[in-house]
Amino acid sequence: MIKKILVANRGEIAVRVMRSCKELGIKTVAVFSDADRKAKHVRYADEAYHIGASPSSESYLRMDKIMEVAKRSGADAIHPGYGFLSENGDFAQLCEDEGIIFIGPSPYAIHTMGDKITARQTMIEAGVPVVPGTKEKITSEKKALEVIQNIGFPVMIKASAGGGGKGMRLVKEESELISAIRGARSEAKSSFGDDAVYIEKYISSPHHIEFQILADKFGHTIHLCERECSVQRRHQKVVEETPSPIMTAELRDKMGRDAVAAAKAVEYYGAGTIEFLVDDNLNYYFLEMNTRLQVEHPITERVVGVDIVREQINIANGLNLTYTQEQIKQRGHSIECRIYAEDPENNFMPSPGIIREIVEPLGLGVRTDGYMYEGFEIPIFYDPMISKLIVWGESRDEAIHRMKRTLDEYKISGVKTSISFLKRIMECPDFYEGKYNTHFIEKNLDFLLSKTNCDKHCEDIAMIAAFAEYMSKLKKIQPTTQFEVYYNKWKDVGRIKAAMRI
Amino acid sequence: MIKKILVANRGEIAVRVMRSCKELGIKTVAVFSDADRKAKHVRYADEAYHIGASPSSESYLRMDKIMEVAKRSGADAIHPGYGFLSENGDFAQLCEDEGIIFIGPSPYAIHTMGDKITARQTMIEAGVPVVPGTKEKITSEKKALEVIQNIGFPVMIKASAGGGGKGMRLVKEESELISAIRGARSEAKSSFGDDAVYIEKYISSPHHIEFQILADKFGHTIHLCERECSVQRRHQKVVEETPSPIMTAELRDKMGRDAVAAAKAVEYYGAGTIEFLVDDNLNYYFLEMNTRLQVEHPITERVVGVDIVREQINIANGLNLTYTQEQIKQRGHSIECRIYAEDPENNFMPSPGIIREIVEPLGLGVRTDGYMYEGFEIPIFYDPMISKLIVWGESRDEAIHRMKRTLDEYKISGVKTSISFLKRIMECPDFYEGKYNTHFIEKNLDFLLSKTNCDKHCEDIAMIAAFAEYMSKLKKIQPTTQFEVYYNKWKDVGRIKAAMRI
Amino acid sequence: MDFEAIIGERTAKLTLLSRTDKILKVSVDGIIYELDCVTTGNGVYSIISEGKSYDIDVVQGLSNKQFIVNSDMSEYKVEIVDAESRYMKAMNKAKGFDEGNIIFCPMPGKIVKILVKVGDTVEKGQTMVIVSAMKMESEFKASKEGVIKEIAVAEEETVSGGQKMIVLE
Amino acid sequence: MDFEAIIGERTAKLTLLSRTDKILKVSVDGIIYELDCVTTGNGVYSIISEGKSYDIDVVQGLSNKQFIVNSDMSEYKVEIVDAESRYMKAMNKAKGFDEGNIIFCPMPGKIVKILVKVGDTVEKGQTMVIVSAMKMESEFKASKEGVIKEIAVAEEETVSGGQKMIVLE
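Residue numbers (the working numbering), protein chains in the order written: chain A, 3 to 504; chain B, 3 to 504; chain C, 38 to 206; chain D, 38 to 206.
Any given hint could turn out to be false.
[Unchecked claim] Below, in silico cross-link-like pairs of lysine-lysine (BS3-like), each with a Cα-Cα straight-line distance of 27 Å or less:
| id | chain 1 | residue 1 | chain 2 | residue 2 |
| --- | --- | --- | --- | --- |
| 1 | D | LYS186 | B | LYS239 |
| 2 | C | LYS181 | B | LYS40 |
| 3 | C | LYS150 | C | LYS126 |
| 4 | A | LYS475 | C | LYS178 |
| 5 | C | LYS130 | C | LYS186 |
| 6 | B | LYS331 | B | LYS445 |
| 7 | C | LYS89 | B | LYS5 |
| 8 | A | LYS168 | A | LYS256 |
| 9 | C | LYS50 | A | LYS453 |
| 10 | B | LYS458 | A | LYS5 |
| 11 | B | LYS477 | A | LYS413 |
| 12 | B | LYS191 | B | LYS219 |
| 13 | A | LYS425 | C | LYS89 |
| 14 | A | LYS477 | C | LYS126 |
| 15 | C | LYS201 | C | LYS132 |
| 16 | D | LYS126 | D | LYS178 |
| 17 | A | LYS478 | B | LYS40 |
| 18 | A | LYS73 | A | LYS145 |
| 19 | C | LYS59 | A | LYS475 |
| 20 | A | LYS475 | C | LYS114 |
| 21 | B | LYS477 | D | LYS161 |
| 22 | C | LYS132 | C | LYS59 |
| 23 | B | LYS118 | B | LYS203 |
| 24 | D | LYS114 | B | LYS478 |
| 25 | B | LYS458 | D | LYS186 |
| 26 | A | LYS331 | B | LYS266 |
| 27 | C | LYS147 | A | LYS239 |
| 28 | B | LYS203 | B | LYS219 |
| 29 | B | LYS168 | D | LYS154 |
| 30 | A | LYS29 | A | LYS6 |
| 31 | A | LYS118 | A | LYS73 |
| 32 | D | LYS147 | D | LYS126 |
| 33 | B | LYS73 | C | LYS178 |
| 34 | A | LYS40 | B | LYS73 |
| 35 | D | LYS172 | B | LYS478 |
| 36 | C | LYS89 | B | LYS29 |
| 37 | A | LYS219 | A | LYS145 |
| 38 | C | LYS178 | C | LYS201 |
| 39 | B | LYS413 | B | LYS331 |
Treat the hints as calculated values from the structure; they're not laboratory data.
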């Protein structure tokens, strides 16, 4: 049985993984870069080792250093979290070679799902619906035209090794096709060193819905129902919820079965996520598999009542799954808001810096997964997500109202955050009515960026508060008798001028 | 419909009630004493009014002032929380007379359940089991002896108006009886102005198990299952859990039906709690009814998934209950630890003071209901309970491990707290095995007060940390060149002495 | 003693009437407020005005007279103008100095690329510097036509929030 | 320069060997520790010693050389003895002054009752003062026989934590 786990990650996910370890009586090992010496995961772990300079290429992505710490600390397993090395098949292989348990799927599953064309082919063979399009790499432009004749415009050209929107082209009519293929291939080549592309029908206003799956090493595979992740900005999820407002029991059952089939097709074990595109007519298509823990896993944990990290560790220990599919039942509704250190009013510019003050929202139905503390400097080197706020309500309506309440309660000062933007999402009619797809933010941007009204009275109060702080600072700088006179009487104008130099 | 609620309370419960109000779109009004000007409930509310000096007799117990604020602010309802005026039938009556909705039961229900002999008689008539003993006030010592002949020693003499252990006497044999009755009556007279006493069989090692009930104004009454509250110190609950480790489905059903019958017997509406004593053979007896929200209500909320404060407001609005008995289902296990500002190592001496730093435990399955913030001064005038930590786990085992993890994470400095004592409760074999009754703390006190072992190495680290802080303070006081030399080189012994005067 | 407070387009006249530990009496554009105003420390104010309770967090902005005010309702930038800042503004104006000519870096980050050099003429909207922070690159553009007078940062340099990067003329 | 640290019954000899912003080298009773010791501010220390990570909160106790140290494992009272405190202790000893003769109030509260007066002889265990805080009354008793030399508080008075209440002789 695993007794000590090295968490090869930082930030909230490192802390979240360690929490489950502590509850299971497993010792925890943190690794850290220069910028993270004082980070929460270092303070929270039983052991901590420095692995390099601040840029992740010199620390959190260094397989050799992480492996060295694993050996040195006597860890018998590594949990990769998400991002960094979590979907790196070579790292999973290295762990296997070195006799350290990788808490995740096999290198084979990671590699197969990591290459989009291979994944597509595997899904087609497993009978999981994929977006209509090519089964193989596009080798000629003639072949491309033939494929499109069958599926019709518009289509997407996508890089097989792609991600983050690179090597992608939307083609609306035949005249654009040739240049789009050439452009996509050349971009794919320069971005990923691989110019393989494929063609898919373009789904115009899709929902992004994913299924959480769990599988043990004996082939038992179950799903923990869906997550609706259509609230995205530049392909980054912002808000997730479960159940999906458009889901039906029948569709859940059908998609769930396909998600399980997709996992089984790569002999998957561990926790993973099958992402689907769903169109307005509830047709769904396999998009990709994330062969790791997802940022948004807590909403599933809340609604089905399962600690997914604990299950990952159990599976890695070679235990049977704790549950059968029949035991998985959803209860109530859960929403997650990702808090980014960014300035929505200034084109979402990132905002690292020192956290001056935090008030975490508390009470019924609230979970916060974060890693900030007062005085901590959010580094400039890593992801801007600084916290996740997860609420639960008996109904979707209650969950939305609770999310508004908790966003109001959540105070973070010192860095700019997306909290006010998230509040506007909760207030947006399209969201409230559950009528949204991946174009939600684009479509509602004016609404989302508009401020709640503040009349003259509320401006007056804001001015007075700033004035009170201004005075209190003056007092600290000039705590002399001269200033006391000024502070208490505020009348001796002659003296004020001298006291005002801050 | 209620649009504005005055919360006639302070501390965590005032904030907790306001949270549900905010989620329901209801405006909130706080009242505060001198000591509470900067308290969280004042800052959290939409409106706040000063009602008097710090002692509660001059503020939170002043019905007249609270009613005046209710009128002035235009509140249409008052939520009393727990403690203070929450079980004061006269205040409920005053609200009724003044046309303000009292969020709680009728004055009749409060009065009936508030007088222990009347409550006992009412329960006997309703067929709810009570501890064997007198049905009426003891008027003669002869009568007392007759009663005891039937039920046998040991017995308890209790004051009808009693509470907090006053006017109570345990009688083990006949020779002690007369003096015990006289003593109890005289103490009852001086404490409550009423010398009525009654006799009950003494249940020697009982469990304290209570049932949460909800009832609307149309006679629909349901229970939300039990809470096990046997971990008590001096009749104060310390840890509560649900389900109870000794509960069976059959017993739950039976006790639940009796709890509902008890509530119906006083035409109860609102949220309330029926407390039972349960002996080792699972015989149970009505102890008393709390005609208000309980401190420990969150564990029920977590396991049955119902916001009890929301339901209180719905009932006060004259709505039907949201649930039928069949819809109430327990899921998983929940435990609450009450964090007191007290020093367990020093005979639990209270420890008010200024909160210097707080780290709240976060993550999966955790709820904190508190009212502290850094810099707030916990006043000397009120209850020492400063926070409640509530965890949930799929199983009792997981909940206990999670509670240990979160107690480890919970850091409060500036005041002494009971956190370490609570940790020891979680580690105590009797608790872990679920084998405990109301004598648990007394029985295990040596274990609970013993410290976890710290070897020489861990002492060394503690010393070094203290030394680092000592040096850092020196540096702040003496940030001169002279001191810098000292700090950086630490060799110039001659200079050090001069720098050391703090 | 009079002050001014600026929020967005609005400039209001602030007059302090009296101040005790608890009660702050102040007039804003002639309206007199008598507030129960206490601080819980560290820039957090609890203000009760005619029964209404405001919980407000005030953080210093880019200068020590600029504040970011967070109330339950929203966030504002407030600048307090006092005798000294009036004097400084007058002085700068006399010297022909304009704060709008300075490009500050609003957040900590790393200078990825500097696309101009001293003496270059830039057009409105032309990108001058690219700063990277948190895996995102932000472009800083000229807000008006001008000539580069000073470049205060170098490529690969780590900058802090509020640091001066470029001065236009 | 040598210091002493006291935990409970144990007095250890502390010698500072070197200190940089990060590395603290110190010997405790002859055992040399080279620690990665940083503060996150406000008395909180993160210490890494041979890979083990300690998160420790240090709060000042009743005097400025007494500390309450909270680690994950437990809570300790640590007193640091430096040249000055050695000097003070020697002086007090010379003067026949004994801290054990002073009854401090450990927490803020209100004096409910004073049961002795100056000149009274008290026995060990005799209750001298009753202090009320948070609806609880605490009795303060004489730790040994003695004569009341001074009563520094009055009934109904509000006292703060660490305040002197009674001096015995």
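Starting from the hint list further up, note which numbers the structure goes against and sort them upward.
Violated: hints 1, 2, 3, 4, 6, 8, 11, 12, 18, 21, 22, 25, 26, 28, 29, 31, 32, 33, 34, 35, 37, 39.
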